Amino acid sequence: MKILIIANRLPVKIERTEDSFVVKRSEGGLATGLGSLETDAEMHWVGWPGVHVDDENEKQEITEKLNELNYHPVFLSGEQIENYYEGYSNSTIWPLCHYFFAYIQYKAEYWEAYRQVNTLFCEEALPFIEDDDIVWIQDYQLMLLPKKIRDKKPKVNIGYFHHIPFPSYELFRVLPEREQVLEGLLGADLIGFHTHDYMRHFISAIYRVLDLNCNLDEISLKDRIVHVDAFPMGINYEQYHRAPSLPEVKKISKRLIEEL
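Going by numbering that gives the first Met the number 0, the first residue of the sequence shown is number 0, and it counts up by one from there.
Simulated from the structure, these hints should not be mistaken for laboratory data. Among the hints, erroneous ones may be present.
[What the hints assert, rightly or not] Distance condition first, Cα-Cα at most 30 Å in a straight line; then the derived BS3-like pairs of lysine-lysine: (1) K12 - K64; (2) K152 - K58; (3) K23 - K1.
[Stated by the list, open to error] For each label pair, taking beta carbons as the anchor points, the in silico distance ranges come out as: (4) D53 - E108: 14 to 22 Å; (5) K58 - R24: 19 to 27 Å; (6) E247 - Y102: 34 to 42 Å.
Because the structure is a prediction, the values reported are computed rather than measured. Ideal Cβ placement from N, Cα and C applies to all residues, glycine included.
Could you build all of it, start to finish, from the sequences and the hints given here?
Have a look at this one:
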């Protein structure tokens with residue numbers, strides 16, 4: 000068994016040098032939060048490497064470097080980055096979920112790119128998925144992915160975690176693709192949110208949009224039960240507790256004190 004994390008971004012970033020590429024650790028919150036996950040299971044990660052390349056030889060070089068770390072890149076075109084990521088994900092879904100209704104931008108090409116890229120992530124991830132694996136999908140950029148993987152791998156265990164708020168039904172219902180988004184998420188066996196409020200908003204949307212039977216933390220489908228719960232993301236306490244005793248931290252602390 001292995002754990003396969005699928006996220007919009009890999010926990011590393013690729014930087015171009017004069018004659019090659021180098022792999023550096025990402026500073027993003029998702030990478031930091033999941034990077035401290037302790038498990039004995041073999042872990043793999045599927046996601047965009049953070050760099051736009053068209054040359055097939057360069058793609059091959061990046062893929063080989065990342066595969067050594069059990070990271071598997073999903074390459075996106077410039078148009079996909081603009082419409083899927085900057086468009087539907089960050090100009091439609093993100094302001095909707097954060098109650099910034101006035102800032103929502105909607106274009107048909109945004110949704111089409113979102114569908115295409117979620118399908119692309121599915122195609123890239125499938126070769127690495129076996130029936131006894133755990134697939135853990137991360138966040139609002141990939142809300143269609145649980146169902147796409149479920150349709151291809153019906154026996155695999157799928158989890159999904161929503162790292163931003165889930166809005167109340169009164170706001171969520173304005174999304175034209177609300178039904179497709181909810182059906183996509185229900186491909187997961189377990190859906191997690193940061194708070195019980197977000198969890199309740201999601202279950203309310205499921206009941207009102209899809210007319211499914213819902214209990215406090217369960218959604219009944221024809222052939223299975225989807226569990227919904229709140230999992231507030233904490234920090235690795237020991238890592239921060241040890242930090243003041245590290246030589247490099249002491250050096251920085253001393254310099255800051257002297258500057259003051």
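May I ask which of the numbered hints given earlier this structure violates, with the numbers listed in increasing order? No hint contradicted; all consistent.
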